[in-house]
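A.B. asks: What follows is the residue order along each chain.
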Amino acid sequence: MNDTVESDKRRFKRELLAALPNLRAFAVSLVGRHDRADDLVQDTIMKAWAKQDSFEIGTNIKAWLIKILLNSFYSQMRKNGREVQDSDGILTERLSVHPAQHGALDLQDFRMALNTLPPDQREAIILVGASGFSYEEAAEICTCAVGTIKSRVSRARQRLQEILGVSGESDYGPDAASTAVTSRPVTNSPL
Amino acid sequence: MHEKPNEADENVQTYAESHIIDPNSLVSRVLRELYDSVQNEAIPERFLDLLEKLDMAENSAKATENP
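So the protein lines, in turn, are chains A and B. First residue of the first sequence: 1, per full-length UniProt numbering; consecutive thereafter. First residue of the second sequence: 1, per full-length UniProt numbering; consecutive thereafter.
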């Protein structure tokens with residue numbers, strides 16, 4: 001019997017380790033900074049470890065960990081007040097003179113744009129757009145309705161497109177109309 | 001026998017959903033690029049150390065419980 005407990009523990013640790021890169025990717029995308037994201041991940045590991053008995057082996061550990069991480073994230077936010085917002089619109093301004101060129105976007109610009117979104121929208125678009133969860137799974141993780149997730153994702157996407165000055169179409173390569181508008185010289189262009 | 005009124009609804013829904021987030025749109029691609037770039041990084045030492053410590057703490061707690 002003890003052997004089963006032992007192997008469950010080992011399996012939990014193995015699954016936790018295997019899920020860590022994904023958890024970090026989620027955290028960094030959500031928080032926007034490696035150092036703060038890693039603090040959140042560390043906190044999540046400790047909490048997950050403490051409550052590992054409540055994890056059902058065989059269920060989705062990625063979703064389970066992200067749920068724990070989100071709890072910490074929101075309770076930290078409640079404690080520390082709101083995150084730093086782009087209150088002066090400096091970032092938005094900077095980004096609007098730095099539009100996407102030829103279907104390429106600077107990753108750093110994207111990160112900053114993502115950070116201007118309200119956290120619940122950020123969370124939704126990352127879960128569905130990058131972590132690969134379905135709307136239903138994302139709703140489960142956020143403990144909200146599927147419709148809520150859908151509207152958050154949709155608003156997040158629209159807002160990002162506005163800030164970054166890109167269209168929502170499958171835009172491989174430049175299209176004539178937008179190239180004409182964006183052909184002003186750009187400093188720091190990745191191209 | 002037409003018991004599948006939902007099928008059409010489902011198709012409509014799938015169509016709508018696929019347009020909420022077009023996986024080929026620039027925003028989607030860059031979001032995934034950002035995510036994947038972090039996901040492909042090696043797990044930082046601090047987390048491996050932390051797991052090691054948690055494991056050890058548990059084992060030594062067990063040892064004191066059942067000597």
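Calculated directly from the structure, the hints in this document are not laboratory data. These figures come from a predicted structure and were not determined experimentally. Among these hints, one or two may not hold up.
Stated by the list, open to error - Below 25 Å or equal to it, Euclidean Cα-Cα: the simulated PhoX-like pairs (lysine-lysine) are:
#, chain 1, residue 1, chain 2, residue 2
1, A, 13, B, 62
2, B, 53, A, 13
3, A, 67, B, 53
4, B, 62, A, 150
5, A, 47, B, 53
6, A, 67, A, 150
7, A, 62, B, 53
8, A, 9, B, 62
9, B, 62, A, 51
10, B, 62, A, 47
11, A, 51, B, 53
What the hints assert, rightly or not - Non-contacting residues of chain A with respect to chain B, defined by C-beta distances greater than 10 Å in every case (computed):
#, residue
12, 29
13, 131
14, 144
Where a beta carbon is used, it is the ideal one built from N, C-alpha and C, also for glycine.
A.B. asks: Each hint should be assessed against the structure and marked as holding or not.
C.D. replies: Comparing the hints with the structure gives:
Our distance criterion of 25 Å between C-alpha atoms is met by residue 13 (chain A) and residue 62 (chain B), whose separation comes to about 17 Å. At most 25 Å may separate the alpha-carbon atoms for a hinted pair to count; residue 53 (chain B) and residue 13 (chain A) meet this at roughly 12 Å. Restraint check: the Cα-Cα separation between residue 67 (chain A) and residue 53 (chain B) comes to about 23 Å, which is no more than 25 Å; the hinted pair holds. For the proposed pair residue 62 (chain B) and residue 150 (chain A), the alpha carbon gap of about 47 Å is over 25 Å, so the pair is violated.
Between residue 47 (chain A) and residue 53 (chain B) the alpha-carbon distance is near 14 Å, which keeps this suggested pair within the 25 Å criterion. For the proposed pair residue 67 (chain A) and residue 150 (chain A), the alpha carbon gap of about 18 Å is at most 25 Å, so the pair holds. Distance hint between residue 62 (chain A) and residue 53 (chain B) is fulfilled; the C-alpha atoms sit about 22 Å from each other, no more than 25 Å. For the hint pairing residue 9 (chain A) with residue 62 (chain B), the CA-to-CA distance comes to about 13 Å; that is within 25 Å, so the pair holds.
For the suggested pair residue 62 (chain B) and residue 51 (chain A), the alpha carbons sit about 17 Å apart, so the restraint of at most 25 Å is met. With a C-alpha separation of about 19 Å, the suggested pair residue 62 (chain B) and residue 47 (chain A) falls inside the 25 Å cut-off, and the hint holds. Distance check on the hinted pair: residue 51 (chain A) and residue 53 (chain B) sit about 16 Å apart at the alpha-carbon level, within 25 Å; holds. Under the 10 Å C-beta cut-off, the non-interface status given to residue 29 (chain A) relative to chain B is violated; the minimum distance is some 5 Å.
Separation of residue 131 (chain A) from chain B is inadequate, the least Cβ-Cβ distance of about 7 Å not exceeding the 10 Å criterion. Every C-beta of chain B lies more than 10 Å from that of residue 144 (chain A), the closest at about 16 Å, which supports listing it as non-interface.
Going down the numbered hints, you'll see the structure goes against 4, 12, 13, while the others check out.
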